[in-house]
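S.K.: Throw the hints in and build the complete structure from the sequences for me.
Take a look at the letters that make up each chain.
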Amino acid sequence: MKNLSLKDIYIDEDAYVLKIATNSDIKRRLLDIGLSKNTLVTPLFDSVSGGIRAYKIRNSLIAIRDDDAEKIIVRRGL
Amino acid sequence: MRKIKIGLAGNPNVGKSTIFNSLTHSNQHTGNWAGKTVDNKVGIMKNDHDHFYIYDLPGTYSLLPHSEEERIARDFLVFEQYDLTIVVCDASSLLRNLNLVLQLKEINRDLMVCLNLIDEAEKKNIVVDVKRLEELLDVPVVTCCAHSHRSIMALKRAICDQVMHADKKQHEKKVTISYPPFLETAIAKIEDCLERFNLDIDKRWLALNILREDALIIDQVNDILKTDIMTDELQRVLSDIKMELLKEDVLISEIDDLIVNSINDMANHIYEECVHVGKHSLKERYLDKILTSKIWGIPIMLLFLAIIFLITIKISNYPSEWLFSLFSHLEIILKECLVDLKIPSIIIDMLINGVYKVTTWVISVMLPPMMIFFPLFTLLEDFGYLPRIAFNLDGIFHRCSSCGKQALTMSMGFGCNCVGITGARIIDSKRERLIAILTNSFIPCNGKFPTIIAIITMFFVGLNNNFKSLLLSTGILLLIVLLGILMTFLVSKILSKTLLAGYPSSFVLELTPFRRPRIVKTIITSVFDRTLFVLFRAITVAIPAGFFIWILANVNVGDMSLLNHLVNFFEPFGHWFGVDGVIIVSFLLGFPANEIIMPIMLMCYLNSGTLVDYNSLLELKTLLIDNGWTILTAISVVILFVLHYPCSTACLTIKKETDSWYYTLLACIIPTCLGLLICLVLNLLFGSMF
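If you read the sequences in order, they're chains A and B. Counting in this note's numbering, the first sequence runs from 1 upward without gaps. Counting in this note's numbering, the second sequence runs from 1001 upward without gaps.
The reader is advised that the hints may include incorrect statements.
[Stated by the list, open to error] Across the chosen pairs, the derived CB separations fall in these ranges:
no., chain 1, residue 1, chain 2, residue 2, range
1, B, P1544, A, A21, 44 to 50 Å
2, A, L40, B, C1673, 49 to 55 Å
3, A, D67, B, L1216, 25 to 31 Å
4, B, T1540, A, A21, 49 to 55 Å
5, B, K1497, A, L40, 35 to 41 Å
6, A, L40, B, S1253, 23 to 29 Å
7, B, D1129, A, A21, 21 to 27 Å
8, A, D67, B, E1619, 53 to 59 Å
9, B, T1176, A, A21, 29 to 35 Å
10, A, A21, B, E1244, 22 to 28 Å
11, A, D67, B, Q1235, 46 to 52 Å
12, A, A21, B, H1269, 24 to 30 Å
13, A, A21, B, P1181, 44 to 50 Å
14, B, H1565, A, D67, 42 to 48 Å
[What the hints assert, rightly or not] Facing chain A, according to a computed beta carbon distance under 8 Å, are these residues of chain B, among others:
no., residue
15, S1092
16, I1290
17, L1393
18, E1510
19, N1607
The set of hints was computed from the structure by calculation and includes no laboratory data. Owing to the predicted nature of the structure, the values given are computational and were not obtained by experimental measurement. Using N, Cα and C, we set each Cβ at its ideal position, and we do this for glycine too.
M.R.: Below, the structure written as structure tokens:
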């Protein structure tokens, strides 16, 4: 089965973080803002100019580029 | 009287600067976006016995820094000597904030948690059990709502208490983060090797970072101790640990994850015990849906900009005129005084017509628009709109291989390019930060606006003082600004493909919650702030410039002044670009400050030895047309205004921020060449028509 990434989650759909599949700088940053394992993430809206999306993470609104969201492996929430 | 040193730490945008201002009665500019404070600021708080030196640190998510401003905060928190850290938390997003609190606990210094924005949390139905939080963290917790006087007083008392009792208290750790067993064993082994060093830094924390192979921290510790802590013994222990970790199937590069997961687990545990979240209101989301909507997002952005321009254009003329007349009265009095003092007339002429005229001109032209534009812009900033601009424009910056946060520094450039250039520290990637710095001067700053507006009014709109022409000038100004923004994109793209080639790096952008701006306070603070800024600039830049220009205009070589020689020299050069020698010379001499370019131009045209005041725009227009100005000249001058080298102060800021003359020079060459190129093309295409 192909891994489901945060980019594939629809707007307003809940997802839980499984892992961050990269070792680049962004990993640390994503962990810092609270995207650790089992954190609830909900995409809320897209940008006009595309390529970035706002997510609700631990009560804050945080925008992440799709290129980076692709590296966040999640499972759909129920 | 003791000197007590206190650090104010916390995540970005939790209100550190606001608390700092209230505690120290400072007027540090605050804003509603992550990354407002990029440098340590220090202020003094006093009580009857002691002086408290409070350091406002840049916001940071963790002690493992990514960007320049986070590194500044980390260096302070870990390596500096101080008495207490206050970690400011946003009560409504405590879970994320706990991350930093726990990391600060790990370095084992005196700590106090300030739960800020408690009122905002209450509105969102978030209740924090402070007693329980205190127990679980084993750290004093004070709730606070930075805008209320009472809670600031309570915070002050708590700080004093804490510092008073710190002497007696032992550093005993009741709460530590527990890592997976194999990590704990490794940490203990490394700690043993560190035993013989006399360190102020917590050994467990240092051991953890040695395990993480954090070269920056190790280097810094070595620097402090003036010896190498990575002894042979430690190296041996480390390679043993690596072998054992391999057996457990753990790579060194994965240690960070394990650490962060342990911290997050603990944060989660504390959060669940202490915080109760009720039903959440959705008001904010509706506002965001509109401000970032696919249809309305961009139009609303332009509308905000247009409204700010409109108000600035409309109102700033009046105070400008008052200041001009005030200064001309003062001039007469000053002159009389100097004559009474029997000062030689040549010196009086130099002081009055050189130094005084240029300085007061800068103040009268620059201060009013700044005093109107800045507060308006600050209101928008406090409301939390800037991150939305960055969000809306990110796609374009992405295609230019640069960072969406560049939109933030670009916006700051409207006020002053120096602020925008310093602000670029919020951009993590060095390459993208340089792009933001090099392109910042494409955004016309406050010093350029008055002249651009005057030219628009004279040549494109007409001098009728009615609402229609006001709207038209606003529209044209908006177009000019859009030209600057377009150039920002274009040059960012070109730089990303050539000199600063690279791929867009990753970043996260926090869309901070909307807050109602405190209108009166904002206006008072920013008016005060801007006045000081302009006065400072007048003293440091305008006075020497005035002196220099006076000499050029009054020292004759042959039958002409130096200034006229210069003008004649540049005349043929100017013709290539559809302008004349005077305009070129004015831009060159206007290097210290953009706002003196126009007055120098007039001085040259009128062949007078001092700056000339234009009494009405009509007079000015006649003068310019008499000297051969056409619509094309006006367009070219406006283009050159937007696209030429940054002013001297901005150049110095670039030098300071990039630490390189090469980039400073590049920041001058790129806009100048672009501006000249556009003027050249325009002149070749349309020059014959006028």
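S.K.: Take the hints in turn and mark each one as holding or not.
M.R.: Hint check results:
{"no.": "1", "hint": "B:P1544 / A:A21: 44 to 50 Å", "in the structure": "violated (58 Å)"}
{"no.": "2", "hint": "A:L40 / B:C1673: 49 to 55 Å", "in the structure": "holds (51 Å)"}
{"no.": "3", "hint": "A:D67 / B:L1216: 25 to 31 Å", "in the structure": "holds (27 Å)"}
{"no.": "4", "hint": "B:T1540 / A:A21: 49 to 55 Å", "in the structure": "holds (52 Å)"}
{"no.": "5", "hint": "B:K1497 / A:L40: 35 to 41 Å", "in the structure": "holds (40 Å)"}
{"no.": "6", "hint": "A:L40 / B:S1253: 23 to 29 Å", "in the structure": "holds (27 Å)"}
{"no.": "7", "hint": "B:D1129 / A:A21: 21 to 27 Å", "in the structure": "violated (37 Å)"}
{"no.": "8", "hint": "A:D67 / B:E1619: 53 to 59 Å", "in the structure": "holds (57 Å)"}
{"no.": "9", "hint": "B:T1176 / A:A21: 29 to 35 Å", "in the structure": "holds (30 Å)"}
{"no.": "10", "hint": "A:A21 / B:E1244: 22 to 28 Å", "in the structure": "holds (26 Å)"}
{"no.": "11", "hint": "A:D67 / B:Q1235: 46 to 52 Å", "in the structure": "violated (38 Å)"}
{"no.": "12", "hint": "A:A21 / B:H1269: 24 to 30 Å", "in the structure": "holds (26 Å)"}
{"no.": "13", "hint": "A:A21 / B:P1181: 44 to 50 Å", "in the structure": "violated (26 Å)"}
{"no.": "14", "hint": "B:H1565 / A:D67: 42 to 48 Å", "in the structure": "violated (57 Å)"}
{"no.": "15", "hint": "S1092", "in the structure": "holds (6 Å)"}
{"no.": "16", "hint": "I1290", "in the structure": "violated (11 Å)"}
{"no.": "17", "hint": "L1393", "in the structure": "holds (6 Å)"}
{"no.": "18", "hint": "E1510", "in the structure": "holds (6 Å)"}
{"no.": "19", "hint": "N1607", "in the structure": "violated (52 Å)"}
Hint compliance for this structure: hints 1, 7, 11, 13, 14, 16, 19 are not met, and every other hint is.
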